[in-house]
Amino acid sequence: MTEQIIFYMLAIAITVFSIMAVTSKLIVRSATYLLFVLLATAGLYMLLDYYFLFAVQVSVYAGGIMVLFIMAIFLTHRPGTEVRTKHGWRIGLSVLLSLAGLLLCGDIILHNAVRLYQFTDAETITMQEMGTAMLGSGKNQYLLSFEMMSVLLLACIVGAILIARKTNGSEKETKETDQ
Amino acid sequence: MNTMGDFWVVNAGAAVPVVAYQLVSLILFFAGIYGFLTRRNIMMMLISVELILNAADINFAVFNRYLYPGQMDGMFFALFTIAIAACETAVAIAIIINVYRNFGNADVDNLKKMKG
Amino acid sequence: MEYTLLILLFPLTSFIVLGLFSNRLSHKAAGIIGTGALLAMTLLSFYAAWDYFTTPKAEGFYQTLIPFNTPWLHMGSHLHIDMGILLDPISVMMLVVISTVSLMVHIYSLGYMKGEKGFQRYYGFLSLFTFSMMGLVLSTNIFQMYIFWELVGVSSYLLIGFYYTRPEAVAASKKAFIVTRFADMFFLIGILVLSYYTQTFDFGTLMSGNETIFQHALSTRFLGASALVWAMALIFIGGAGKSALFPLHIWLPDAMEGPTPVSALIHAATMVVAGVYLVARLFPIYVAFTPEVLEGIAWVGAFTSMFAAVIAIVQTDIKRVLAFSTISQIGFMMVALGVSKLEGHEGLGYMASLFHLFTHAMFKALLFLGAGSIIHAVHSNEMERMGGLRTYMPVTHLTFLVACLSIAGIPPFSGFFSKDEILAAIYGYHTGLGIWMTVAAGFTAFYIFRLYFSIFWGKQTQYAHTPHESPRSMTFPLIFLAIPTLLGGFIPFGHFVTANRSVYTIHPDWPIMFISVLVSLTAIFIARKMYQYAGTKTGEASSGLKGFQKAAYHRFYVDEVYLFITKKILFNGIARAFAWFDHHVVDGSINGLASVTDWVSIKIRGFQSGEIQWYAYIFLFGTLLITALFLFM
Chain V
4 MTEQIIFYML
14 AIAITVFSIM
24 AVTSKLIVRS
34 ATYLLFVLLA
44 TAGLYMLLDY
54 YFLFAVQVSV
64 YAGGIMVLFI
74 MAIFLTHRPG
84 TEVRTKHGWR
94 IGLSVLLSLA
104 GLLLCGDIIL
114 HNAVRLYQFT
124 DAETITMQEM
134 GTAMLGSGKN
144 QYLLSFEMMS
154 VLLLACIVGA
164 ILIARKTNGS
174 EKETKETDQ
Chain L
319 MNTMGDFWVV
329 NAGAAVPVVA
339 YQLVSLILFF
349 AGIYGFLTRR
359 NIMMMLISVE
369 LILNAADINF
379 AVFNRYLYPG
389 QMDGMFFALF
399 TIAIAACETA
409 VAIAIIINVY
419 RNFGNADVDN
429 LKKMKG
Chain W
103 MEYTLLILLF
113 PLTSFIVLGL
123 FSNRLSHKAA
133 GIIGTGALLA
143 MTLLSFYAAW
153 DYFTTPKAEG
163 FYQTLIPFNT
173 PWLHMGSHLH
183 IDMGILLDPI
193 SVMMLVVIST
203 VSLMVHIYSL
213 GYMKGEKGFQ
223 RYYGFLSLFT
233 FSMMGLVLST
243 NIFQMYIFWE
253 LVGVSSYLLI
263 GFYYTRPEAV
273 AASKKAFIVT
283 RFADMFFLIG
293 ILVLSYYTQT
303 FDFGTLMSGN
313 ETIFQHALST
323 RFLGASALVW
333 AMALIFIGGA
343 GKSALFPLHI
353 WLPDAMEGPT
363 PVSALIHAAT
373 MVVAGVYLVA
383 RLFPIYVAFT
393 PEVLEGIAWV
403 GAFTSMFAAV
413 IAIVQTDIKR
423 VLAFSTISQI
433 GFMMVALGVS
443 KLEGHEGLGY
453 MASLFHLFTH
463 AMFKALLFLG
473 AGSIIHAVHS
483 NEMERMGGLR
493 TYMPVTHLTF
503 LVACLSIAGI
513 PPFSGFFSKD
523 EILAAIYGYH
533 TGLGIWMTVA
543 AGFTAFYIFR
553 LYFSIFWGKQ
563 TQYAHTPHES
573 PRSMTFPLIF
583 LAIPTLLGGF
593 IPFGHFVTAN
603 RSVYTIHPDW
613 PIMFISVLVS
623 LTAIFIARKM
633 YQYAGTKTGE
643 ASSGLKGFQK
653 AAYHRFYVDE
663 VYLFITKKIL
673 FNGIARAFAW
683 FDHHVVDGSI
693 NGLASVTDWV
703 SIKIRGFQSG
713 EIQWYAYIFL
723 FGTLLITALF
733 LFM
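Protein chains in written order, with this note's numbering: chain V, 4 to 182; chain L, 319 to 434; chain W, 103 to 735.
Don't take each hint at face value.
As the list claims (entries may be wrong) - Residues of chain W clear of chain V, computed beta-carbon distances all greater than 12 angstroms:
| no. | residue |
| --- | --- |
| 1 | 152 |
| 2 | 156 |
| 3 | 190 |
| 4 | 538 |
| 5 | 573 |
| 6 | 612 |
| 7 | 722 |
| 8 | 732 |
Unchecked claim - Computed list of lysine-lysine pairs in DSBU-like fashion (alpha-carbon distance at most 35 angstroms, straight line):
| no. | chain 1 | residue 1 | chain 2 | residue 2 |
| --- | --- | --- | --- | --- |
| 9 | L | 430 | V | 89 |
| 10 | W | 443 | W | 159 |
| 11 | W | 130 | W | 216 |
| 12 | L | 430 | W | 705 |
| 13 | L | 431 | W | 705 |
| 14 | L | 430 | V | 28 |
| 15 | W | 216 | W | 276 |
These are calculated hints, taken from the structure and not from any lab test.
Backbone N, C-alpha and C fix where the C-beta goes; we use that ideal spot for every residue, glycine too.
Produce the entire structure from the sequences given, and follow the hints as far as they go.
This is the structure we're talking about:
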């Protein structure tokens with residue numbers, strides 16, 4: 004029962020904050036609502052007994068990514084300015100499409116997902132199990148994925164630096180203006 | 319076909335029905351889509367994309383937990399997704415800063431000018 | 103006589119050289135090339151005239167010679183357009199007139215246009231005009247004539263608009279071109295009708311007196327007249343446009359915006375008599391088959407001559423006075439043609455008309471060149487700015503006086519002879535018309551001496567700087583032209599040009615001569631009384647005539663009527679409707695095609711807009727659609 008109450012609170016939080024995140028006119032508020040959504044999602048993972056996932060969600064998502072977000076927002080926006088949205092008919096179209104998708108998928112879920120699947124207690128996944136699964140190369144083990152992810156992260160770091168770095172031309176310009 | 323009545327009856331007493339998680343992630347997902355479609359600011363679009371990814375993560379975790387309680391595949395997919403989201407955010411923010419530097423704002427309309 | 107081809111080639115070459123190298127030639131070189139080519143052409147024309155008229159006549163009639171003719175365009179099995187040279191009395195006479203006046207104008211322009219910007223261009227255009235005019239009179243067929251006719255119109259347009267930086271000149275050139283072009287449209291229709299029914303363009307065939315070729319045209323009737331009558335009337339309208347007959351005269355006064363030598367050459371001596379030449383050329387057809395058209399020509403000419411003479415009395419711009427005088431004199435020629443018959447004494451009108459064409463070309467060119475000399479000295483066209491010029495410009499004064507006496511019809515000047523023959527011919531046709539034309543002749547004498555006395559006598563006007571006699575290059579043409587003006591009347595014209603090409607000796611008609619001289623002298627006397635000492639006031643008529651004078655000064659508002667018809671009715675009424683149809687239906691269908699393509703391409707382009715969110719819409723829509731399809735199908 005407690006779990007249910009917590010779930011519904013989290014569910015309401017996710018619903019409300021996600022909608023507020025996409026409708027808020029101030030970008031910092033949007034980011035803050037996103038943070039709430041991410042934290043609430045972390046709470047859902049906790050409910051599902053995925054503690055490691057919970058920890059990753061909080062540290063990487065709510066911690067790392069959100070810091071990136073906030074930093075980028077402060078780099079590119081003056082605080083307090085409202086961001087622009089699309090024109091009226093575009094918003095109408097978006098609402099229509101989103102609602103249509105919501106109803107369609109909701110219909111699918113309600114008709115197909117599956118009351119038969121019951122919540123069964125399972126043993127909590129230990130870090131040892133997780134470590135062997137991540138670094139093993141057998142069935143249901145993810146060494147390749149793990150390594151690819153590390154390469155991807157490296158490429159991302161290099162790429163992000165390369166993109167965000169000032170180009171030669173603009174470097175010269177800044178030098179000239181400095182002089 | 320199932321009806322709502324069946325649904326609630328069958329799940330009575332259970333912890334939280336899988337459908338409830340599904341609906342939460344569904345709302346999250348389409349809220350993200352709505353934001354992605356309506357916002358002009360790239361940063362806001364990125365926030366919406368995070369919402370969408372998060373909805374996907376929830377689904378991975380929930381299906382894994384309800385359907386295959388003894389396995390960890392869904393959880394790993396969620397993990398990798400988070401890692402990929404981190405990558406994507408880093409690169410996207412680098413691009414946004416570049417756009418801002420070139421156009422003076424971070425509107426997605428600017429990117430139209432990048433057509434060949 | 104193949105060398106007559108050179109008469110055309112000299113000015114053509116000159117035009118091409120001057121046109122191509124106008125920027126590289128100095129003013130002097132351009133003048134020498136233009137005038138030199140003209141001199142050669144003139145000498146050749148004189149030789150050709152001598153050659154032609156001394157060629158033995160066949161049975162007392164001058165022959166038509168075609169020294170050169172080549173088919174140019176074939177249209178169907180019978181019809182073909184030739185390019186050739188036709189020599190007969192009138193074309194040879196025109197050769198002499200055109201080359202003489204043109205040469206004089208070329209020489210005169212050396213002084214008049216000295217230092218003007220575009221001097222080379224000016225001489226190029228003059229050469230083009232001379233070439234076209236020569237081609238016009240030497241045409242062997244009516245279509246060749248039409249081609250040169252249009253060329254003449256174009257060169258006239260170019261020369262009127264020579265000072266293309268002045269809006270009035272540009273407007274005048276456009277007006278001249280559009281009005282004559284409008285008339286030429288009727289000319290072309292007339293040619294097409296005529297050639298359709300007769301299956302020939304050739305003057306030789308048309309003039310052969312062979313009635314069978316006209317049978318078809320005569321038997322076809324349209325709106326109460328035969329096709330031939332329509333054709334000849336339409337052709338005459340073309341001639342009326344070029345010759346500035348009422349009501350198509352409106353372009354000629356404005357054409358005075360061009361340089362004065364151009365007015366002398368084109369708008370006094372040569373181009374404006376092209377209509378007279380055209381009627382004279384087709385005279386055998388007119389007189390034999392369509393006498394009703396000829397009668398119409400006579401009445402139009404009579405009205406025009408009186409109408410223009412009245413307007414000329416009250417104009418204050420000397421070039422405009424001369425322009426209306428030209429219109430009036432062309433009216434005289436047309437009347438004479440209109441009242442003429444083919445044979446013997448009845449053919450007097452034809453002979454008189456062309457005689458008057460000849461003398462008029464000389465004295466009117468002289469008048470215009472004299473006016474140019476005056477304008478050159480005074481730097482104004484307005485009579486009020488002139489007066490007492492006789493002491494400053496003796497040569498101009500004397501030559502101008504000769505020309506004035508000639509146009510007024512005072513013996514023994516050339517105009518007297520030609521005009522009296524015209525009057526004699528008209529009295530022989532219709533007494534009332536004769537009186538009418540005598541009055542017009544009196545007006546002529548009055549307005550020309552009003553001009554003369556206002557310019558050379560009248561009160562001493564204060565000039566900004568003392569007027570001086572023009573340079574020798576300008577006075578020489580004046581003196582040269584004064585000679586035929588003085589002595590031209592003694593040419594036995596009837597020995598050269600008559601309606602039936604036989605020799606006809608003119609018998610003076612003493613009573614008519616006496617009356618017309620009396621009328622002219624009276625008119626001159628009145629003009630002298632009014633203007634010799636009374637200053638240059640422009641003829642204050644008695645109060646009862648004030649309104650009439652005002653109307654005449656505004657040229658009886660013919661221009662305004664045209665403006666009303668063209669602007670209000672044609673442009674607003676008819677043209678708007680056509681424009682609407684053109685814009686909305688004709689253009690609309692094409693534009694519709696274009697805009698459909700445009701619309702489709704814009705829509706297709708929309709898929710590649712680079713708008714990431716639009717892609718997202720499409721993607722989402724597609725996904726949902728496919729999902730829905732799988733779900734519900």
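For a C-alpha distance cap of 35 angstroms, please report whether residue 431 of chain L and residue 705 of chain W respect it. holds, 18 angstroms
Is residue 190 of chain W truly not at the interface, in the sense that its beta carbon sits beyond 12 angstroms from all beta carbons of chain V? holds, 83 angstroms
Is the nearest CB of chain V more than 12 angstroms from the CB of residue 538 of chain W? holds, 81 angstroms
Examine each Cβ of chain V, and state whether all of them lie more than 12 angstroms from the Cβ of residue 612 of chain W. holds, 100 angstroms
Nearest-CB test (12 angstroms) between chain V and residue 156 of chain W: The claim holds: residue 156 of chain W sits with its nearest Cβ about 91 angstroms from chain V, beyond 12 angstroms.
Please work out if residue 430 of chain L and residue 705 of chain W have their alpha carbons no farther apart than 35 angstroms. holds, 16 angstroms
Does residue 732 of chain W sit more than 12 angstroms from chain V, CB to CB? Given a closest Cβ separation of 10 angstroms, the condition is violated.
With a cut-off of 35 angstroms on the C-alpha distance, tell me whether residue 430 of chain L and residue 28 of chain V pass. Distance of about 23 angstroms is within 35 angstroms: holds.
Beyond 12 angstroms from chain V, beta-carbon-wise, is residue 152 of chain W? holds, 86 angstroms
Would you say residue 573 of chain W is clear of chain V, with no C-beta pair closer than or equal to 12 angstroms? holds, 69 angstroms
Is residue 216 of chain W close enough to residue 276 of chain W, meaning Cα to Cα at most 35 angstroms? Holds, at about 26 angstroms.
For a C-alpha distance cap of 35 angstroms, please report whether residue 443 of chain W and residue 159 of chain W respect it. Given pair residue 443 of chain W, residue 159 of chain W holds - Cα atoms ~22 angstroms apart, limit 35 angstroms.
The structure fails to meet hints 7 and 8 from the earlier list, while all remaining hints are met.
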